[in-house]
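2 protein chains.
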Amino acid sequence: MEKIAVIGLGLIGGSLALDIKDAFGCRILGVDRPENAKKALEIGFIDEITTINKLTDVDVVIIATPVDTVVEIAAKVLDLIAEDTLVFDVGSVKEEICKMLGNHPKRKNFLAAHPIAGTEFSGPEAAIKDLFSKKVNILCELEKTDRKIANKAFEIFDSLGMEYKYMSATEHDRHIAYVSHLSHVSSFMLGKTVLEMERSEQNIFDMAGSGFESTVRLAKSSPNTWTPIFLHNKKNLISSLEQYIKNLIEFKEFVEQDNAKEIHNSMSDTNHLKEILKGINQKQQHNK
Amino acid sequence: MEKIAVIGLGLIGGSLALDIKDAFGCRILGVDRPENAKKALEIGFIDEITTINKLTDVDVVIIATPVDTVVEIAAKVLDLIAEDTLVFDVGSVKEEICKMLGNHPKRKNFLAAHPIAGTEFSGPEAAIKDLFSKKVNILCELEKTDRKIANKAFEIFDSLGMEYKYMSATEHDRHIAYVSHLSHVSSFMLGKTVLEMERSEQNIFDMAGSGFESTVRLAKSSPNTWTPIFLHNKKNLISSLEQYIKNLIEFKEFVEQDNAKEIHNSMSDTNHLKEILKGINQKQQHNK
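For the record, the sequence lines run as chains G and V.
Each residue of the first sequence is one higher than the one before, starting from 1 at the first, in my numbering.
Each residue of the second sequence is one higher than the one before, starting from 1 at the first, in my numbering.
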């Protein structure tokens, strides 16, 4: 692999570029708005700024733009590329893109990937090394990607130290709504509620402990990234929100009724998450 | 100070005992259920197991039991102690205890404190050194505590490295509902929702990233500690939950209506928390 293009030079695209440059010593071409592209060049994780139209002779194209732009960009890129170029995206929603590209003549050049990695920061400056090591990469509809072309992707992901899970795009979107998208809404709305109610921010600052900090951490995430994710996984996000709201209302009723037994039960049942979180935490630690 | 009694030998009581023993080299008497008291003695943060009835000649009594037991224990202890003994509690709810002890003949021996510190773990084994350093200690109705007796408390809290905020018990309970109690419910209900919907725990494990881990961290907290806190701050918790649920429903409606603008707005308004969180985070880091 000599030339790899990255479209979208934020946290994910930038972090991929950093590690790939290190691993393969290849030339990285970057596509983004002028200010982001310039920053990426300054930071040094791309070697050259280019535009989509010029991506006719690259080995790999990585699409790491907000999910509402991925379908259009992917279709355009697939139209342009050489016979054996690999194109993959890294978006948090997979059903729509798989459906929309399903009949593209170059569908076999495309791989739908979702590396489960990130931080609450965004933009080229948020790019960090080793973000993907020991993290899970969810690959959807792998059977629709040409095996030789898919092997290029595995070469890259292996070099990043990633692990793999395979599932349908539909399954992916349903599960990810619960384990990722819902957490983000929950955190954003918690932050919003506290800001609305605590008119004095000094009070939040003084009285909040590490618990608050951890629960609202995701509320620092970028609205530009997350607005399209929520809208593109609308159906699943709405069911997960409905279930969450139902549980909150039920809990509130238990409190209203002084029902200590049910309050205690619903918490102790949930405590069971400890074991699962222990594993996730070990995955994170591994990566530090 | 030669003899200090700690009633309730869990995360908070145990961590206080550890630091106080270090700072003052005094004898620590512990009161708890036999299994906890034995563990505390083994770990070594108490020197002797005793019972409440015997606390007639100690310098300080710290009450660190679940909030539904604090009023009764505090009243009993105040009946027993010497004229200049300090009694303070460390519970997360302050209005009820201040009200119930308001007319106690030894009210001037009592100080209502809430050190904002903790982890999601519980029991004597959860006790750690330096838990309180640089943390805020909220003191309620300080004017009702005898100044000389209160000075003993400051001697202890200063040695722990704590900072102080003063407010009425009513104010405390209203603010803490938002910045602490609501976070706990939000986290527990998020955990519950995900466990209900993801019947395969392997999926949670594989697909969850650090975002999920951080948002549900508080769902590991002890139901024995938190059930009474929620019930004893019922009124404030219910209003904060109502506001939170209202915001979640509104957000869900924006998603249903594909209202990208409002979704984006509600997130970007909340992003403003970044600055506040930065400060909190620095407080935490300070302590590591």
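Read the hints as simulated data drawn from the structure, not as lab findings.
Warning: the hint list may mix true and false statements.
Unchecked claim - No farther apart than 30 angstroms at their CA atoms in a straight line, the calculated lysine-lysine pairs in the DSSO-like style are these:
| # | chain 1 | residue 1 | chain 2 | residue 2 |
| --- | --- | --- | --- | --- |
| 1 | V | K165 | G | K129 |
| 2 | G | K234 | V | K252 |
| 3 | V | K278 | G | K39 |
| 4 | G | K261 | V | K129 |
| 5 | V | K274 | V | K99 |
| 6 | G | K274 | V | K278 |
| 7 | G | K278 | V | K39 |
| 8 | V | K274 | G | K39 |
| 9 | V | K39 | G | K234 |
| 10 | V | K76 | G | K234 |
| 11 | V | K261 | G | K278 |
| 12 | V | K76 | G | K261 |
| 13 | G | K76 | V | K278 |
| 14 | G | K246 | V | K144 |
| 15 | G | K38 | V | K278 |
| 16 | V | K278 | G | K261 |
| 17 | G | K134 | V | K274 |
| 18 | V | K252 | G | K274 |
| 19 | G | K252 | V | K235 |
| 20 | V | K246 | G | K261 |
| 21 | V | K246 | G | K235 |
| 22 | G | K246 | V | K99 |
| 23 | G | K38 | V | K261 |
Claimed, not checked - Not everything, but these chain G residues come out facing chain V in the computed CB check (under 10 angstroms):
| # | residue |
| --- | --- |
| 24 | M1 |
| 25 | E2 |
| 26 | L78 |
| 27 | L80 |
| 28 | S168 |
| 29 | A169 |
| 30 | T170 |
| 31 | H172 |
| 32 | S186 |
| 33 | D206 |
| 34 | G209 |
| 35 | T227 |
| 36 | Y244 |
| 37 | F254 |
| 38 | V255 |
| 39 | S268 |
Ideal placement from N, C-alpha and C gives every residue a C-beta, glycine not left out.
Problem - Hint check, A169(G) versus chain V [nearest Cβ-Cβ separation less than 10 angstroms] - result: 14 angstroms, violated
Problem - Hint check, E2(G) versus chain V [nearest Cβ-Cβ separation less than 10 angstroms] - result: For E2(G), the interface hint is violated, since the closest Cβ of chain V sits about 32 angstroms away, which is over 10 angstroms.
Practice task
Measure nothing beyond the straight line between the CA atoms of K76(G) and K278(V); if it is 30 angstroms or shorter, mark the hint as holding.
Solution key: 41 angstroms, violated
Practice task
Grab the minimum C-beta distance from S168(G) to chain V and call the hint holds if it beats 10 angstroms, violated otherwise.
Solution key: With a minimum Cβ separation of about 13 angstroms from chain V (threshold 10 angstroms), the hint on S168(G) is violated.
Problem - Given pair status - K278(V), K274(G), alpha carbons within 30 angstroms - result: 27 angstroms, holds
Practice task
Mind checking the CB of L80(G) against every CB in chain V and telling me if the closest is under 10 angstroms?
Solution key: 29 angstroms, violated
Practice task
Compare the distance between the alpha carbons of K252(V) and K274(G) with 30 angstroms, and conclude whether the hinted pair is satisfied.
Solution key: Judged against 30 angstroms, a Cα distance of about 29 angstroms means the pair holds.
Handout entry: Distance restraint between K38(G) and K261(V), which requires alpha-carbon spacing of 30 angstroms or less
Key = The hint holds at about 28 angstroms.
Exercise for the section: Assess, step by step, whether the Cα of K38(G) is no farther than 30 angstroms from the Cα of K278(V), and give holds or violated. Expected result: 28 angstroms, holds
Handout entry: chain V contact restraint for S186(G) - C-beta distance below 10 angstroms
Key = At about 5 angstroms, which falls below the 10 angstroms cut-off, the nearest Cβ of chain V leaves the hint on S186(G) intact, so it holds.
Exercise for the section: Measure nothing beyond the straight line between the CA atoms of K165(V) and K129(G); if it is 30 angstroms or shorter, mark the hint as holding. Expected result: 41 angstroms, violated
Problem - Satisfaction of hint between K261(G) and K76(V), Cα-Cα up to 30 angstroms - result: Measuring from Cα to Cα gives roughly 27 angstroms; hence the hint holds.
Hints 1, 4, 5, 9, 10, 11, 13, 14, 16, 22, 24, 25, 26, 27, 28, 29, 30 from the list above are not met by this structure, while the remaining hints are.
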